[in-house]
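Chains as they are written, first to last, in our numbering: chain Z, 1 to 140; chain V, 1 to 140; chain C, 1 to 140; chain Y, 1 to 140.
Each hint should be verified, as a subset may be incorrect.
In this list, chains with the same sequence are indistinguishable; a pair is considered to hold if it fits within one copy or across any two.
[To be verified] Straight-line alpha carbon distances no greater than 30 Å define the calculated DSSO-like cross-link-like pairs of lysine-lysine that follow:
1) Lys112 <-> Lys96
2) Lys79 <-> Lys2
3) Lys115 <-> Lys2
4) Lys61 <-> Lys112
5) Lys9 <-> Lys112
6) Lys63 <-> Lys87
7) Lys96 <-> Lys79
8) Lys9 <-> Lys115
9) Lys112 <-> Lys98
10) Lys115 <-> Lys96
11) Lys61 <-> Lys9
12) Lys9 <-> Lys87
Since the hints were made in silico from the structure, they are not lab data.
4 protein chains.
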Amino acid sequence: MKVYVHNVKYYETDRMGITHHSNYIRWMEEARVDFMAQLGWSYQRFEEEGIVSPVTAIECKYKRSTTFADNVYITVDVKEYHGVRLKLKYTMKDEKNKVVFEATSEHCFMGKDGKLIRMDRAFPEFYQLLCDLAAKAVDS
Amino acid sequence: MKVYVHNVKYYETDRMGITHHSNYIRWMEEARVDFMAQLGWSYQRFEEEGIVSPVTAIECKYKRSTTFADNVYITVDVKEYHGVRLKLKYTMKDEKNKVVFEATSEHCFMGKDGKLIRMDRAFPEFYQLLCDLAAKAVDS
Amino acid sequence: MKVYVHNVKYYETDRMGITHHSNYIRWMEEARVDFMAQLGWSYQRFEEEGIVSPVTAIECKYKRSTTFADNVYITVDVKEYHGVRLKLKYTMKDEKNKVVFEATSEHCFMGKDGKLIRMDRAFPEFYQLLCDLAAKAVDS
Amino acid sequence: MKVYVHNVKYYETDRMGITHHSNYIRWMEEARVDFMAQLGWSYQRFEEEGIVSPVTAIECKYKRSTTFADNVYITVDVKEYHGVRLKLKYTMKDEKNKVVFEATSEHCFMGKDGKLIRMDRAFPEFYQLLCDLAAKAVDS
């Protein structure tokens, strides 16, 4: 998988001179969208299939600060998936390969009616792909 | 009309230590929504009536900086209205009554089909109200 | 302690029609600043005393969605404090008193030199206040 | 000059399903930083030389909407420069080469003391470069 790169914008900094902490949550989304697209599930495809995948939980640790014009390298992995909740893991590193931020996010898959989708039945290939990636995460 | 007050948030500041200039555009929207609600046209009412009122143009001047925890006092007035484009005027002042920002915004009124609404026919009372406010602006 | 109220802004919504999840992280900050001010520690005082208090970790759960013009009622409590890391707890409720979001954030206290401050020595009264609030949290 | 490309983020959309209008102001900054860097004046260089260049005015027209995942192509030109106020011009186009947004921004150049810099004396080469670009704008 290709690493996602976010270049820190001036308007993402705050009065302390560093990136405001809320922006990392947005970069998680940017990297997740890119990760899913690399799996063949672009946001457009989600929309066409009528799936929404809201964030239900986030856990994160801020390790080092970043600031304007820094490149932040973001890797995303499937951490857990048992058919309902998908847990993703994010690692963000700076240009010196130091970890600046670590996080997980949890998601469910719903139809436009707001009801949970049985992924194994409705999208068995996507379901299997996520299971396989989760299994690999356990092994490593 | 009641003045709208925005209290500057920490995350609205940038690395220069002051409010990032893009936020004033957002406060214009906050104050405009409040102004319209004071006229009896809350956003909910716009939605119920099926009207959207996108911003088509903005002109603004940044006079003084503001920063975290400052109160900004925002007045909104109708500047021009001839039935199609509505032009609003904004003045933002700090706690010492100094002007920090001045702007105008232009809006049209469209139905959900994206077509311009003939306001004089569809909403004659709202149309008249805006005309009256625009006439007052010319007088003053 | 007075509950902090955030009125959801139009620009905080996203294409799903609801508040974008990153904004809750910003409201945590708004409510935390207000909570600290109620304890006698306004941001201005932090700055005067030369203390910065960065976020080191966040955990949060999204329970229900909110959207434009909703009032969100935010309570903040000290959850844990043993002299170094301060852990705060947030509960956000909607107008029907339903929990929409729950979170904790962790913070340290540093001087402008980036070194951790021994709060018990440097600010014994603030230290004691936070310890007392943490003790109350355990009891309840 | 290389065109600057901004890929619209999910969190930049609003409840109308399109990019919130305040984000274009941020993209102007992104493109301006890139334009200046292409001229040999990266933000880092501005900081090293002790120059700040705040936005003093903006005028913009919203022509068409954009939304999540769209690429927006932004060109920046010097429009006017007589030694004090620099006026830049922006044109944003979508993937079909349609203009979505047009704007100008005005800037001054100040030292860290907040005083205007006499650019012709302090930075004669940069001054000349901006004058030349402005002259070209008049010709075209």
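Hints breached by this structure:
Per hint list: single violation, 3.
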